[in-house]
Amino acid sequence: MKKMTEAQLAELETDLNAIREEVLADLGERDARYIRRMIRLHRSLEAGGRIMMPFGFLPPVFVAATATLGIAKILENMEIGHNVMHGQYDWMNDPSLNSQTYEWDTVCTGDSWRRTHNYEHHTYTNIIGKDRDYGYAVLRLTDDEPWKPWHTLQFINYILLSVFFQWGVGLHELETEKLRSREISWREKLPFLKQFARKGGRQAFKDYVFFPLLTFPVAPIVLAGNVGANLIRNLWSSTVIFCGHFTQDAETFTEEECEGESKGHWYLRQLTGSSNFTGGRWLHILSGHLSYQVEHHVFPDLPAHRYPEISGKVQAVCRKHGIHYNTGSFAKQYGTVVKRILRHSLPEKLMGMARAA
Amino acid sequence: MLVRNTQHKALQWLGRQLFNRNDPEAFFDPLLEHINPMWVQEYTPARVEQVLSETHDTKTLVLKPARRWSGFSAGQHVHICVEVDGVRRNRTFSLSSSPLLWREQGLVTLTIKRLPGGLVTNWLHDHLQTGAVIGLGEAFGDFLIPEPAQPVLFIAGGSGITPVLSQLETMAAQDYRAPVTLLYFVRTRDDVIAREKLLALKARYSALTLNIIATNESREPRYLRGQDLDTVPGIKARQVYLCGPKGLMDLAQGLLSERGFADADIHSTFFSVPSANLGNETLGGEVQFESSQMMVGSEGDATLLEIAEAAGLTPRHGCRMGICHQCSCRKTTGTVINRLTGQTSGPGEETVQLCISVPRGPVSLDL
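Heads up: the sequence lines are chains Y and Z, in that order.
Per the working numbering, numbering of the first sequence is gapless, rising by one per residue and ending at 357.
Per the working numbering, numbering of the second sequence is gapless, rising by one per residue and ending at 724.
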């Protein structure tokens with residue numbers, strides 16, 4: 001990690017705060033209009049997809065319906081749900097957009113997400129041992145984590161995690177690694193499991209029971225389409241999220257270097273631990289603007305559609321302080337993620353030998 | 358607040374299954390609102406039918422609420438919700454029309470005075486136009502006309518006349534059989550709200566005695582005095598209704614208790630601007646935790662989270678530095694300062710981050 005003195009960190013903090021305050025002072029009708037437009041689009045896509053789905057016995061309609069519902073779920077999870085739950089729109093004082101009560105269209109409960117993502121991941125970003133989002137306790141992505149034999153096949157785990165991503169995220173708070181090591185007991189996790197079962201059951205009921213039965217004669221088609229839509233969302237959201245912190249240059253941190261850290265140090269960690277990818281306007285919207293992961297991590301509660309607007313200023317601050325601003329095309333960034341997963345399947349020694357040879 | 362409670366358990370259940378919310382009918386609101394704002398389901402919409410000018414700083418809004426609105430009794434108030442620059446603002450106003458107008462024509466009126474520096478009242482005066490749609494809550498309040506009829510004395514000041522207008526209209530319409538006196542204090546004669554209406558009421562409702570007093574037209578301010586009360590016939594037997602600025606209310610309370618009035622015979626409703634008499638630097642205040650039924654005092658720049666924890670409460674929280682919004686909580690009344698930005702909140706109901714909010718004056722939290 002780049003070493004900066006406390007004075008430099010304080011200056012970094014001041015520079016970034018200035019960007020944040022400028023946006024905060026300007027929040028208003030434009031932001032409200034933006035998020036409501038996204039919500040209208042989501043409602044239209046969701047209704048459209050559900051209405052088209054029973055006519056999926058015609059193959060082109062099946063593809064269109066599945067894609068429409070998949071995109072609806074992506075839009076709701078990424079640009080609306082994730083961002084609303086970060087408190088990006090709390091200032092609007094609209095009960096439907098309240099960070100603490102919003103419940104999204106995925107298995108993970110809003111409450112669990114607010115604890116594991118908003119608090120743990122965003123506070124302890126990329127600190128090995130504290131940020132459980134780093135590899136999701138399934139993937140070894142840094143040599144700081146000791147290698148174990150089962151890491152050899154972790155690419156298969158990666159594929160499984162992506163395919164069943166909403167269930168993985170939903171069960172994230174179960175902390176299976178701590179259950180296995182008996183650090184915590186199943187009894188402690190009972191309340192969480194109950195909530196998980198309720199929400200997971202609800203999501204499965206809706207997509208795999210209610211809507212298929214509603215159109216009984218074509219139930220298998222509707223079921224298949226709904227499975228497809230969830231799969232599209234799972235693959236896309238896991239890919240976007242992996243590109244945010246697991247790219248080649250995204251740094252990791254140790255607990256020691258972050259003990260009693262200042263806000264400036266926290267900012268530095270967010271800047272160096274996150275990575276962006278470039279693309280068109282709709283790529284950004286469908287990623288919930290997590291394509292601006294750096295800006296998101298520095299300012300998690302600013303409305304996400306503002307990230308493209310402030311990106312230039314954040315880059316200028318990075319240049320001023322000599323901090324690497326990690327960005328690249330979607331393909332390039334994703335390529336380094338895959339490489340990272342593969343490389344850390346094997347122990348460091350072995351990789352070193354391979355390189356030497 | 359303005360949110361309607363869905364009555365049907367089955368509908369709530371289905372809403373949770375399909376849309377992850379208890380009010381499934383509101384799921385499509387963003388679309389409906391775009392087509393016709395009167396179709397919104399989350400709250401009761403009301404269309405502005407007319408905006409009437411009462412005085413240089415007071416306007417009356419004539420509203421047509423959606424038919425599902427439940428109506429009201431004379432003297433009650435409502436929350437309204439308007440969106441000002443993307444932010445939903447909730448404020449409370451008295452209904453100034455009689456319930457008869459709602460029953461017969463489906464209309465209600467709000468009479469609103471422009472408050473110096475007031476964000477919402479100024480916006481209403483400057484930007485709200487005929488045809489706009491605002492949110493309307495259900496009516497509440499127990500500032501109600503005595504039933505059966507008893508002699509009544511109203512003491513109103515400034516825009517505090519609004520609930521009294523509703524009550525007088527109602528009393529005149531049902532020919533309320535008891536003496537009714539109104540002492541109405543205004544700054545100058547030009548500040549009389551609904552003058553024509555009051556004069557017309559006096560003309561057609563013989564039980565009404567109307568006494569309009571200008572406080573600031575003579576060299577010495579002419580405030581409420583004991584003599585004003587003593588000249589009201591049969592004052593001892595009257596139910597007294599107070600509505601106006603704090604100074605007038607305090608004065609009236611004092612004079613009435615000197616005359617041996619029981620608290621049960623004095624009815625009042627407040628119209629104060631919170632924190633108006635606090636210095637800009639004064640931090641701290643009484644914090645009321647509503648769900649925990651607890652009241653705690655604080656001084657200096659202690660945050661609401663610290664105050665709650667010091668009181669033995671364990672509110673949900675996370676980073677304690679304003680990042681994660683885990684501790685966000687509904688503030689029902691009161692003003693807070695954002696410790697990070699130094700910004701002052703509005704006095705109304707809104708969400709605040711406990712870990713960076715410092716109370717300025719009394720604050721109530723849904724915690």
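Rather than coming from a laboratory, the hints here were simulated on the basis of the structure.
Keep in mind that the hints are not guaranteed to be accurate.
[Unchecked claim] Calculated lysine to aspartate or glutamate pairs in the EDC-like style (CA-CA distance at most 20 Å, straight line): (1) Y:Lys206 to Z:Glu461; (2) Z:Lys366 to Y:Glu256; (3) Y:Lys130 to Y:Asp143; (4) Y:Lys263 to Y:Asp131; (5) Y:Lys263 to Y:Glu29; (6) Z:Lys554 to Z:Glu461; (7) Y:Lys130 to Y:Glu21; (8) Z:Lys416 to Z:Asp380; (9) Y:Lys206 to Z:Glu440.
Computed from a predicted model, the values in this text were never measured in an experiment.
Structure-based check of each hint:
1. Y:Lys206 to Z:Glu461: At roughly 45 Å apart (the allowed maximum being 20 Å), Glu461 of chain Z and Lys206 of chain Y break the hint.
2. Z:Lys366 to Y:Glu256: Cα-Cα ~52 Å, so violated.
3. Y:Lys130 to Y:Asp143: 16 Å, holds
4. Y:Lys263 to Y:Asp131: 17 Å, holds
5. Y:Lys263 to Y:Glu29: Given that 20 Å is the threshold and the Cα spacing comes to 30 Å, the pair is violated.
6. Z:Lys554 to Z:Glu461: 19 Å, holds
7. Y:Lys130 to Y:Glu21: At roughly 29 Å apart (the allowed maximum being 20 Å), Glu21 of chain Y and Lys130 of chain Y break the hint.
8. Z:Lys416 to Z:Asp380: Between Lys416 of chain Z and Asp380 of chain Z the Cα gap is close to 35 Å, so the pair fails against 20 Å, i.e. violated.
9. Y:Lys206 to Z:Glu440: Outside the cut-off at roughly 34 Å; violated.
Taken one by one, the earlier hints fail for this structure at numbers 1, 2, 5, 7, 8 and 9, listed in ascending order.
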